[in-house]
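Q: Sequence:
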Amino acid sequence: MTAGLKTIVYPVKDLARAKALFSGLLGVEPYADTAYYVGFKDAGQDVGLDPNGHAKGMTGPVPFWHVDDIRATLAGLLEAGAETLQDVQDVGGGRLIASVKDPDGNLVGLLQDAPGA
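Letter by letter, the sequence shown follows residues 1 to 117 of full-length UniProt numbering.
You may find that some hints are simply not true.
Claimed, not checked - DSS-like mimics (lysine-lysine), calculated; alpha carbons at most 25 Å apart, straight line:
no.: 1; residue 1: 101; residue 2: 13
no.: 2; residue 1: 41; residue 2: 56
no.: 3; residue 1: 41; residue 2: 6
no.: 4; residue 1: 19; residue 2: 56
no.: 5; residue 1: 19; residue 2: 41
no.: 6; residue 1: 6; residue 2: 19
no.: 7; residue 1: 101; residue 2: 56
no.: 8; residue 1: 101; residue 2: 6
no.: 9; residue 1: 41; residue 2: 13
no.: 10; residue 1: 13; residue 2: 56
no.: 11; residue 1: 6; residue 2: 56
Claimed, not checked - If you anchor each label on the Cβ, the simulated ranges turn out as follows:
no.: 12; residue 1: 79; residue 2: 43; range: 20 to 28 Å
no.: 13; residue 1: 21; residue 2: 68; range: 29 to 37 Å
no.: 14; residue 1: 76; residue 2: 28; range: 33 to 41 Å
no.: 15; residue 1: 113; residue 2: 54; range: 19 to 27 Å
no.: 16; residue 1: 79; residue 2: 28; range: 34 to 42 Å
no.: 17; residue 1: 84; residue 2: 36; range: 18 to 26 Å
no.: 18; residue 1: 104; residue 2: 31; range: 18 to 26 Å
no.: 19; residue 1: 78; residue 2: 35; range: 16 to 24 Å
no.: 20; residue 1: 78; residue 2: 23; range: 35 to 43 Å
no.: 21; residue 1: 55; residue 2: 5; range: 20 to 28 Å
no.: 22; residue 1: 61; residue 2: 28; range: 34 to 42 Å
No wet-lab data here; the hints were simulated from the structure.
Here the structure is a predicted model, which is why all the values come from computation and not from measurement.
Every residue gets a Cβ at the ideal spot worked out from N, C-alpha and C, and that includes glycine.
Using the sequences plus the hints, can you model the full thing?
A: Now the structure itself:
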């Protein structure tokens, strides 16, 4: 079961330029601003900028499905023919992410928040 698509992450080459662009587009300042991730919240959507995304195999924006059990969901996707791009990783505060490429080459992200988050 999912809680829907609530996060999209863009791979970027120039983090400062991308941050300025998305700040202007969304009309908000980032809630997270680090050398490895910049995140914005707007209209219930989380928009992230990943300066290491291209190196991780991201070829464009990746939608992240919010799930209750990331490991079970990842296993189901792999069983259905997806290929792992990024295995389950804790990105802080108990938030877990993973991503796959489906048989058609589409990127699919998974996100599980820590209990109570």
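Q: Decide, hint by hint, whether the structure agrees.
A: Evaluation of the provided hints:
no. : hint                   : in the structure
1   : 101 <-> 13             : holds (21 Å)
2   : 41 <-> 56              : holds (23 Å)
3   : 41 <-> 6               : holds (10 Å)
4   : 19 <-> 56              : holds (20 Å)
5   : 19 <-> 41              : holds (13 Å)
6   : 6 <-> 19               : holds (19 Å)
7   : 101 <-> 56             : holds (12 Å)
8   : 101 <-> 6              : holds (19 Å)
9   : 41 <-> 13              : holds (21 Å)
10  : 13 <-> 56              : holds (13 Å)
11  : 6 <-> 56               : holds (21 Å)
12  : 79 <-> 43: 20 to 28 Å  : violated (35 Å)
13  : 21 <-> 68: 29 to 37 Å  : holds (33 Å)
14  : 76 <-> 28: 33 to 41 Å  : holds (35 Å)
15  : 113 <-> 54: 19 to 27 Å : holds (26 Å)
16  : 79 <-> 28: 34 to 42 Å  : holds (39 Å)
17  : 84 <-> 36: 18 to 26 Å  : holds (20 Å)
18  : 104 <-> 31: 18 to 26 Å : violated (33 Å)
19  : 78 <-> 35: 16 to 24 Å  : violated (31 Å)
20  : 78 <-> 23: 35 to 43 Å  : holds (37 Å)
21  : 55 <-> 5: 20 to 28 Å   : holds (24 Å)
22  : 61 <-> 28: 34 to 42 Å  : violated (18 Å)
Violated hints, listed in ascending order, are 12, 18, 19 and 22; each of the other numbered hints is respected by the structure.
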